[in-house]
Amino acid sequence: MKQMKKKWVKRVVWLLVLVLLAAVLWSLFFKPKNQMNFVTDEVRRSDISQTVNATGEIAAAQLVDVGAQASGQIKKLYVKLGQQVKKGDLIADIDSTTQLNTLNTNKAKLDTYRAQLVSAEIALRMKQRAFNREQALMAQDATSKADFDNAQDNLAAARANVAELKSQIRQTQIAINTSEADLGYTRITAPMDGTVVSIPVEEGQTVNSSQNTPTIVQLADLSKMLNKMQIAEGDMNKVKAGMHLTFTTLADNSKVRNATLEAVDPGLTKMSQGGYNTSTDTTDTAIYYYARALVPNDDGALHIGMTTQNNILVKSATNVLTVSNQAIKHRRGKKVVQVLGNDQQVQEKQIQTGITDGMRTEVKSGLNAGDQVVLSALSSAEARNGVSRDPKMRGSRM
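Under the numbering used here, the first residue of the sequence shown carries the number -2, and numbering increases by one thereafter.
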């Protein structure tokens, strides 16, 4: 009985050994290899452009505040918002009663002074004749020294009176000219051709020009608009006047417009807006600079205040080798890519690059057209689990 039991145990042990050996042999010779699956991109020739993206705002290239130089009540407004006006067109009338009264008063003073001058000149001639007589008598010792001196003083006084009246006439004429100008200021006219874009006052409102110059309307030339872009501090050294740009508006992002940068402000936006001084602290705020481009508005679709999305062309290259930015890695300060060969082996190559558009980069050396660069790699198990990693390196390195 014991012998039978020993034989049975030996058989079980041998069976377990055979099963284990079979498992090892299957694992070594028959189990599928955990192969790598590569996601690649082809090195190809294409056109590439380096751009700076910026948000901007449409403004009028020429905007004029038409103000009132006269004080008084606005009697009549002759324009409406959006109305086209020509230079010299009447915009508004201010009550001219005060200015007209001042003008008439000065004219009346002028008439009075002129009449007084006529009388004074007659008196001067009389005093001149009296002095001439006394002078002749004095030469003959036929009059007293007192009478001669009196005639001389009367002549001098008459001359001074005439001179004073002439001065008053000149002053009054100046006052009349000023009064006529003040009266003219009550009729406000357009200083330029343009469109009425703002009317901050109403008929019946009283304006006071002695404290400031109240704005009656704003006129803008809308035939040409100003695209005012905010350039980030990090892009300032890339952007220069004369560069080409394309832009769209939020109102119509399907229409791409072209323009050329006219200027880039030397100071930050806060300085351009007049809100900057030497004590201004900007350490905790983002810094932007205005870049400006004049844009034709022939279709009238650009309006003041519209938001623009701008692409400023910094550099471009035509028909050059390009590689996906996703493939470029950095190794000890150098740029490298992993190239998949026909034998499914990965080789790391160092490359020299040029400009980039954010998606692809110009390759100046290190790759050839048609090379397959590795973007990511998955083992069979990782592919089943959806895990991505860099490929293991095989073959030579550059």
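It is worth saying that the hints were derived from the structure and are not from the lab. Remember, it's a predicted structure, so these values are computed and weren't measured experimentally. Beta carbons: idealized from backbone N, C-alpha and C, even for Gly. Treat each hint with caution, since some may be false.
As the list claims (entries may be wrong) - Now the in silico label distances, taken between C-beta atoms and shown as ranges: (1) L78 to G201: 54 to 62 Å; (2) A112 to Q80: 37 to 45 Å; (3) M356 to K252: 48 to 56 Å; (4) K104 to D296: 52 to 60 Å; (5) G64 to K237: 34 to 42 Å; (6) D295 to T175: 39 to 47 Å; (7) G231 to T175: 55 to 63 Å; (8) T212 to R111: 23 to 31 Å; (9) T282 to R167: 54 to 62 Å; (10) Q202 to L97: 16 to 24 Å; (11) M356 to Q208: 55 to 63 Å; (12) G64 to Q149: 51 to 59 Å.
Stated by the list, open to error - In silico SDA-like cross-links for lysine to any residue, where the CA-CA straight-line distance does not exceed 20 Å: (13) K312 to Q215; (14) K106 to A160; (15) K237 to Q215; (16) K163 to A105; (17) K221 to P188; (18) K331 to E345; (19) K331 to N316; (20) K221 to D108; (21) K104 to A172; (22) K77 to D190; (23) K104 to L152; (24) K73 to P197; (25) K225 to G181; (26) K84 to Q215; (27) K312 to H327; (28) K142 to N158; (29) K73 to D86; (30) K73 to A172; (31) K312 to E345; (32) K72 to V198; (33) K124 to F145; (34) K267 to T245; (35) K221 to T243; (36) K225 to H241; (37) K163 to A120; (38) K84 to D62; (39) K163 to K225; (40) K77 to Q168.
Checklist line | Distance restraint between K163 and A105, which requires alpha-carbon spacing of 20 Å or less | finding: Holds, at about 15 Å.
Next item on the list: Using the beta carbons of T212 and R111, state whether their distance is inside 23 to 31 Å or not.
Entry: violated (41 Å)
Check: Is 39 to 47 Å a correct range for the gap between the Cβ atoms of D295 and T175?
Finding: With Cβ atoms ~45 Å apart, the hint holds.
Item checked: R167 and T282 - C-beta distance against the hinted 54 to 62 Å -> holds (59 Å)
Next item on the list: Given the range 37 to 45 Å, decide if the beta-carbon distance of A112 to Q80 lies inside it.
Entry: Check failed, 50 Å falls outside 37 to 45 Å.
Margin query: K106 and A160 were given as a pair; does the straight-line alpha-carbon distance stay at or below 20 Å?
Written below: Holds, at about 17 Å.
Next item on the list: Take a look at whether the Cβ-Cβ distance between Q202 and L97 falls inside 16 to 24 Å.
Entry: The hinted range 16 to 24 Å holds for Q202 and L97, with Cβ atoms some 20 Å apart.
Next item on the list: For the pair supplied as a hint, K312 and H327, confirm whether the alpha-carbon distance does not exceed 20 Å.
Entry: violated (23 Å)
Item checked: Pair hint outcome, K142 versus N158 [Cα-Cα no greater than 20 Å] -> Measuring from Cα to Cα gives roughly 25 Å; hence the hint is violated.
Check: Are K84 and Q215 close enough, with their CA atoms no more than 20 Å apart?
Finding: holds (13 Å)
Checklist line | K163 paired with A120 [C-alpha distance capped at 20 Å] | finding: Status holds; Cα separation ~15 Å.
Check: Is K104 close enough to A172, meaning Cα to Cα at most 20 Å?
Finding: The hint holds at about 9 Å.
Of the numbered hints given earlier, the model fails hints 1, 2, 3, 8, 13, 15, 19, 20, 23, 25, 27, 28, 30, 31, 34, 39, 40; all others are met.
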